[in-house]
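Student: One letter stands for each residue in the lines below.
There are 2 protein chains.
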Amino acid sequence: MTRKSRLIATAALGALCLAGAAVAQSAVDAAVKARKAHMQLYAFNLGVLGGMAKGEIEYDAERAGQAAGNIAALASLSQAGYWPEGSAQGEAEGSRALPALWTNGDDVMAKGAAFRDAVTALAAAAGTDLASLRGAMGPVGQACGSCHESYRAPE
Amino acid sequence: MTRKSRLIATAALGALCLAGAAVAQSAVDAAVKARKAHMQLYAFNLGVLGGMAKGEIEYDAERAGQAAGNIAALASLSQAGYWPEGSAQGEAEGSRALPALWTNGDDVMAKGAAFRDAVTALAAAAGTDLASLRGAMGPVGQACGSCHESYRAPE
Numbered sequence: 045m046t047r048k049s050r051l052i053a054t055a056a057l058g059a060l061c062l063a064g065a066a067v068a069q070s071a072v073d074a075a076v077k078a079r080k081a082h083m084q085l086y087a088f089n090l091g092v093l094g095g096m097a098k099g100e101i102e103y104d105a106e107r108a109g110q111a112a113g114n115i116a117a118l119a120s121l122s123q124a125g126y127w128p129e130g131s132a133q134g135e136a137e138g139s140r141a142l143p144a145l146w147t148n149g150d151d152v153m154a155k156g157a158a159f160r161d162a163v164t165a166l167a168a169a170a171g172t173d174l175a176s177l178r179g180a181m182g183p184v185g186q187a188c189g190s191c192h193e194s195y196r197a198p199e
Numbered sequence: 045m046t047r048k049s050r051l052i053a054t055a056a057l058g059a060l061c062l063a064g065a066a067v068a069q070s071a072v073d074a075a076v077k078a079r080k081a082h083m084q085l086y087a088f089n090l091g092v093l094g095g096m097a098k099g100e101i102e103y104d105a106e107r108a109g110q111a112a113g114n115i116a117a118l119a120s121l122s123q124a125g126y127w128p129e130g131s132a133q134g135e136a137e138g139s140r141a142l143p144a145l146w147t148n149g150d151d152v153m154a155k156g157a158a159f160r161d162a163v164t165a166l167a168a169a170a171g172t173d174l175a176s177l178r179g180a181m182g183p184v185g186q187a188c189g190s191c192h193e194s195y196r197a198p199e
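The listed protein sequences derive, respectively, from chains R and Z.
Taken in order, the first sequence gives residues 45 to 199; the numbers are from this note's numbering.
Taken in order, the second sequence gives residues 45 to 199; the numbers are from this note's numbering.
One thing to keep in mind: the hints can contain errors.
Distance ranges between label pairs, derived from CB positions [as the list claims (entries may be wrong)]:
{"no.": "1", "chain 1": "R", "residue 1": "Arg160", "chain 2": "Z", "residue 2": "Pro198", "range": "24 to 30 Å"}
{"no.": "2", "chain 1": "R", "residue 1": "Arg140", "chain 2": "Z", "residue 2": "Ala197", "range": "28 to 34 Å"}
{"no.": "3", "chain 1": "R", "residue 1": "Gly95", "chain 2": "Z", "residue 2": "Asn148", "range": "26 to 32 Å"}
{"no.": "4", "chain 1": "R", "residue 1": "Glu193", "chain 2": "Z", "residue 2": "Ala197", "range": "40 to 46 Å"}
{"no.": "5", "chain 1": "Z", "residue 1": "Gly99", "chain 2": "R", "residue 2": "Ala175", "range": "52 to 58 Å"}
{"no.": "6", "chain 1": "R", "residue 1": "Met83", "chain 2": "Z", "residue 2": "Ala124", "range": "17 to 23 Å"}
Rough simulated footprint, nothing fancy, chain Z against chain R, three-plus residues with beta-carbon under 8 Å [to be verified]:
{"no.": "7", "region": "80-87"}
{"no.": "8", "region": "115-126"}
Since the hints were derived computationally from the structure, they do not count as laboratory data.
Here a beta-carbon is modelled for each residue, glycine too, at the ideal position from N, C-alpha and C.
The following block holds chain R by itself, in its conformation from the complex:
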């Protein structure tokens, strides 16, 4: 191999690695954006229900049932793709996910299951009446908070 061909081969390998890293980074960025979008949709629907619970939005059984049904349907989506390695805070732009999220698998799964239970109960209650909606909101807020406190860095 001549010096020139070595240089070309090295440059080509470098370009390939950079391209590979860019693809990997773009996949990580897409995952971070997707999980934020998912949380945004929880927030949008919870905003409607919270507004009704606080009396800022008039209670409407159909609308409440739809918002709570949306949350339960979102919670049932397959979300494994949201959390690739390399997407913790400091590794991926805009990420506030703490590294413990990737090491405390059992606790993360348990918190996820508690959240799904709470939103399933919310979906069953929200369209009944305002008191039922209010009663089902607390456990959902606790489930959200429980995971955020353990696995999301403060802003």
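Fit chain Z to the given chain R structure using the hints.
Tutor: Below, chain Z without anything else, positioned relative to chain R:
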């Protein structure tokens, strides 16, 4: 009413109107963000399936089925809250929704139904094999494009 009390009343009314407008604007902004988040989740899941269809991501029946199932579940969410009056392009920041979206109700509903049919078929096909996935992607792309061409302004 003295001149001073009239001034105070006018100022208070002005503040109230501004506050009301701010609340309304923030509801519109929340709706625009939510519909963009919803589209983002379609894109994330379609990115996985498109990558497999093009051979850039290795076909994995389980992962394909989950991504397509996610899209079908998202399509079944209640989305009425995404499109409040005052959220067309030029009315709400970041909106590219054309005003015709609010006036062509029958066509919008028909396009929505065609999209749901296409993603239901995709969800049934994606986990079977790569050829089935590829075959079901075309109608989904057409359904996306059909609505975007009619109701979304170019960037």
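Student: Is 52 to 58 Å a correct range for the gap between the Cβ atoms of Gly99 (chain Z) and Ala175 (chain R)?
Tutor: Given a distance of about 55 Å, which is inside 52 to 58 Å, the answer is holds.
Student: Does the Cβ-Cβ separation between Met83 (chain R) and Ala124 (chain Z) fall within 17 to 23 Å?
Tutor: holds (21 Å)
Student: Can the region 115-126 of chain R be counted as covered by chain Z under the rule of three residues or more with Cβ-Cβ separation shorter than 8 Å?
Tutor: holds (count 7)
Student: Could you tell me whether the CB distance from Arg140 (chain R) to Ala197 (chain Z) stays inside 28 to 34 Å?
Tutor: With Cβ atoms ~33 Å apart, the hint holds.
Student: Range hint 40 to 46 Å: satisfied by the CB atoms of Glu193 (chain R) and Ala197 (chain Z)?
Tutor: Roughly 42 Å apart at Cβ, these two residues keep to the hinted range, so it holds.
Student: Test coverage of the region 80-87 of chain R by chain Z using CB-CB distances below 8 Å; three residues minimum.
Tutor: holds (count 5)
Student: Per the hint of 24 to 30 Å, is the separation of the Cβ atoms of Arg160 (chain R) and Pro198 (chain Z) within bounds?
Tutor: violated (40 Å)
Student: Given a hinted range of 26 to 32 Å, is it respected by the beta-carbon distance of Gly95 (chain R) and Asn148 (chain Z)?
Tutor: holds (30 Å)
Checked against the numbered hints above, the structure breaks only hint 1 and satisfies the rest.
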